[in-house]
Every structure is written in structure tokens, then in C-alpha cells.
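Novice: Could you put together the complete structure from these sequences and hints?
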Amino acid sequence: MTPAPNEAAVTIEVFPKESIVKVGDTVTVMCRAGEKLQYCRVTSPAGTFNLKPNIPVSNGYIYSGKGLETGECGFTIANVQEMNNGNHTCYLGFDNTGLESNTTMSVIVASNEQVTDGLSPIRKEPENCGYADLCAVSQNLTHTLSWRDNGKELSCVVQHFAMDERANNQTKSQLNVLYKPRDVEISSEQFGFEIGKPGRINKQVQANPRPSFAWNVGGGEWIREGQVDSLTGRFRAGETINNGSGIWQASLEIDSVTAEDVERVYNLRASNIAGVTDYAVSISTMDAPQAGGGVRGKASHSSSEAQIDPEPKTEKTTAHIEVEVDGGMENPSANHTASNEYINGNQDVKKTDQNSDKDTPV
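Using our numbering, the first residue of the sequence shown is number 67, and each one after it goes up by one.
Check before you lean on any hint, since a few could be wrong.
[To be verified] In silico BS3-like pairs for lysine-lysine, Cα to Cα no more than 25 Å straight-line: (1) Lys132 x Lys102; (2) Lys83 x Lys102; (3) Lys118 x Lys132; (4) Lys118 x Lys102; (5) Lys83 x Lys132; (6) Lys263 x Lys238.
[Said to hold, decoys possible] Using C-beta positions, here's what the derived DEER-type ranges look like: (7) Ala354 x Glu329: 32 to 42 Å; (8) Gln356 x Gly292: 27 to 37 Å; (9) Gln356 x Val294: 34 to 44 Å; (10) Ala325 x Gly299: 15 to 25 Å; (11) Gln225 x Lys118: 35 to 45 Å; (12) Arg276 x Val223: 28 to 38 Å; (13) Ala176 x Lys102: 29 to 39 Å; (14) Pro355 x Val223: 30 to 40 Å; (15) Gln225 x Ser172: 14 to 24 Å; (16) Thr163 x Pro111: 27 to 37 Å; (17) Pro355 x Val294: 25 to 35 Å; (18) Gly285 x Val223: 17 to 27 Å; (19) Ser322 x Glu287: 13 to 23 Å; (20) Gly133 x Thr163: 13 to 23 Å.
Hints listed in this document are in silico derivations from the structure and should not be mistaken for laboratory results. The structure displayed is predicted, hence computed values, not measured ones. For glycine and all other residues, C-beta sits at the position ideal for the given N, C-alpha and C.
Specialist: Pasting the structure below:
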């Protein structure tokens with residue numbers, strides 16, 4: 067009904083404007099005006115009802131208030147069900163003016179959300195997410211990611227109003243941190259070679275994923291794994307050996323060591339999708355020095371740490387999240403909102419290593 071030009075619709079107060087409840091709860095909403103009411107009508111997802119004191123209607127809606135003569139048009143749902151989820155509008159008709167005013171509030175029936183492993187198909191983004199949809203919410207990690215986090219577990223803990231306390235509220239994924247080759251040896255000089263006998267240069271590096279190796283003898287051609295140099299046929303690049311914990315061993319075989327070989331510099335290039343690192347190795351006919359003897363080798367061209375004690379990795383994995391450190395890929399998104407995300411590993415507290423590489427924030 068449209069008011070006359072000199073009449074204005076009566077203002078209605080509603081409380082609360084929004085109610086979040088679970089199935090089985092009781093909820094009460096009050097729509098109030100400052101005038102006596104002729105009727106109190108409510109439209110809802112469950113139907114339209116003309117409410118009066120002491121007269122129950124279908125679907126669990128009953129009048130709540132001190133009477134229509136006081137201007138109160140409230141309703142109570144004693145046993146909330148999923149069908150009550152949505153907007154509710156109060157229509158108030160006034161006895162003296164013949165006018166009608168209305169206001170709207172919402173009842174949100176929270177469902178018991180299920181935590182997934184993040185591998186199931188995601189149908190919609192949060193802004194378009196419906197009641198029955200599986201939706202994804204992204205949140206950045208506040209942890210500063212480093213190569214040391216490779217193999218650790220990422221736990222996503224979910225909190226939700228309607229979740230059963232006994233329900234599984236977290237998922238775990240194993241981090242797969244991509245990083246360029248790093249040095250694991252203090253000295254770049256290798257000892258114990260004998261003139262006139264075969265020799266082998268072994269070099270260990272740490273990287274993820276597996277790097278490719280190529281050797282260069284004194285600035286000559288690059289010799290790749292399994293190949294022999296084309297100039298002399300005396301140098302062969304051996305196959306890469308996986309020593310575990312992300313450590314890979316490259317080797318260069320010399321068919322018969324000469325005095326000139328002892329004077330050469332042997333360059334090794336290790337590369338993967340995360341970066342490239344070059345190493346310079348020299349050989350000696352001297353015996354290896356005792357620990358603490360102070361023998362100094364030629365420096366590696368890597369910006370990595372000289373010595374690494376790799377952390378063990380968990381065997382159990384539910385998913386892989388790939389992240390590249392030292393430049394490259396962004397951090398992954400983690401599913402579920404209202405969550406606390408953290409890295410679980412073999413160490414609860416990450417110790418600061420003054421000699422470590424610079425970590426990459428994500």
C-alpha cells in the first residue's frame with residue numbers, strides 16, 4: 067500500500083539484524099514500531115505467516131512479543147532447521163493509518179563444514195560459494211620459508227561455529243621446497259691421487275629437485291653425465307648418485323693421473339629449475355690432512371653454506387606443495403578460512419643460523 071502524499075511510512079526497529087545459529091537451536095527476532103499494529107506478517111524461506119499471540123503456525127514459527135497493541139511483531143523459531151536459512155521480512159500494518167512498513171533480517175543456519183585434503187575439485191570461489199559448494203579460501207603463510215623446510219609438514223587448522231568438537235579439523239601436507247644446488251663440503255681440494263693411476267673426483271651438492279651436472283677440465287669443453295671428453299678421451303663424467311636427504315654426488319673419472327692433471331682446475335656446474343651453482347675443484351697427490359690441520363682448498367663459486375647437516379624428512383605424505391626459494395615461484399595458497407597455518411617439522415622452533423642462506427619470505 068502506498069502512503070498518501072502527506073503520510074510517511076513508520077520506522078521499524080529490528081533486533082538482531084542477523085542471527086547465526088545451528089540446526090536445533092532456538093532463535094527469536096523482534097520487529098518493533100511505535101504504533102499499535104493491525105497485523106504482523108512474516109515472509110521467510112519456510113513460508114509466509116500471519117502471526118498473532120498464542121496462535122502457533124506451521125513450520126515452528128510462533129509470535130513473540132507483548133501484543134500487537136504494543137507495536138511488537140516478533141517471532142521465535144523453537145527448533146531451527148536448514149529450511150529456515152535465509153532472509154526474513156516483517157510486514158507491519160497499522161491500525162490508525164492503514165499504512166504498512168517492513169524490514170528485513172537474516173537467519174544464517176551454519177552447517178558442519180568438512181575439512182578436505184585440498185585435492186578435491188574446487189567448484190567455486192568464496193564470493194560465489196553456495197550452501198552445498200566446496201569452496202577455496204587462500205591465505206598466505208607468515209612463516210619465512212627456507213630450504214630447511216623441505217619435507218616438513220604444513221598443517222591447516224580450521225575453526226568453524228558449527229563444527230563438531232570431535233570432527234577432524236585439520237589437514238596436513240608435505241612441503242616440497244625447490245632450491246638451487248648448495249655446497250655440502252668444506253674444502254674444494256681432494257687428496258690421495260697417484261701419478262700413473264686412475265683417479266676419481268667426487269663432489270656432493272644438495273638440491274631440490276635433482277640437478278644436472280656438467281664438468282669442465284681447465285676451461286675446455288663441458289662433459290655431461292655419462293660422456294667422455296672428445297679431445298683426449300681421458301676424462302669421463304660419471305652417473306649421478308642419490309645419497310638421500312637431497313644430497314647428490316657427481317663424479318669425474320681420470321683414466322691415468324698425470325702431473326699436469328694435478329695442476330688443473332676442474333669446474334663443476336650443477337643446475338636445476340631453481341638455479342645454477344658453479345664449483346671449482348683441485349686435486350693433490352698429498353694425503354688428506356688431519357681434522358683441524360688447516361689445509362685450505364679453493365673456494366666454491368656457490369653462495370651456499372659450506373656444511374649442511376640435512377634434517378630428516380617425514381615419510382608420510384598426503385599432498386605436495388611446491389615452493390621455490392632463492393627467487394622464482396610464489397608461495398602456494400592454503401585451503402580453508404579462519405585457520406592458523408604453521409610449519410611442523412622435526413624442530414618445533416627454528417634456530418637462527420648466522421651462516422645460513424637468506425630465507426625467502428612467503
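Novice: Decide, hint by hint, whether the structure agrees.
Specialist: Against the structure, the hints come out as follows:
For the suggested pair lysine 132 and lysine 102, the alpha carbons sit about 11 Å apart, so the restraint of at most 25 Å is met. Restraint check for lysine 83 and lysine 102: the C-alpha separation of about 22 Å stays at or below 25 Å, so the hint holds. The straight-line distance between the Cα atoms of lysine 118 and lysine 132 is roughly 11 Å, inside the 25 Å bound, and the hint therefore holds. In summary, the hint linking lysine 118 to lysine 102 is supported, as the alpha carbons are separated by about 13 Å, within the 25 Å threshold.
A threshold of 25 Å between alpha carbons decides the hint, and for lysine 83 with lysine 132 the separation of about 20 Å falls inside it, so the pair holds. With a C-alpha separation of about 53 Å, the suggested pairing of lysine 263 with lysine 238 is violated against the 25 Å cut-off. Range check, alanine 354 to glutamate 329: Cβ separation about 19 Å, and the 32 to 42 Å hint is violated. Between glutamine 356 and glycine 292 the CB atoms are about 36 Å apart, so this pair conforms to the stated range of 27 to 37 Å.
For glutamine 356 and valine 294, the Cβ-Cβ distance of about 36 Å falls inside the hinted range of 34 to 44 Å, so the restraint holds. The supplied range of 15 to 25 Å is met by alanine 325 and glycine 299, whose beta-carbon atoms lie about 19 Å from each other. A beta carbon spacing of about 42 Å between glutamine 225 and lysine 118 agrees with the range 35 to 45 Å that was offered as a hint. Under the hint 28 to 38 Å, the C-beta atoms of arginine 276 and valine 223, about 33 Å apart, fit the expected range.
Hint check: alanine 176 to lysine 102, Cβ distance near 37 Å, so the stated range 29 to 39 Å holds. Hint check: proline 355 to valine 223, Cβ distance near 52 Å, so the stated range 30 to 40 Å is violated. Between glutamine 225 and serine 172 the beta carbons are some 22 Å apart, a value that agrees with the proposed interval 14 to 24 Å. In this structure the supplied range 27 to 37 Å holds for threonine 163 paired with proline 111, their Cβ-Cβ distance being about 30 Å.
The hint said 25 to 35 Å for the Cβ distance between proline 355 and valine 294, and at roughly 32 Å that hint holds. Glycine 285 and valine 223 have their C-beta atoms about 55 Å apart, which leaves the hinted 17 to 27 Å range violated. Checked against the given bound of 13 to 23 Å, the beta carbons of serine 322 and glutamate 287, roughly 20 Å apart, stay inside it. A beta carbon spacing of about 19 Å between glycine 133 and threonine 163 agrees with the range 13 to 23 Å that was offered as a hint.
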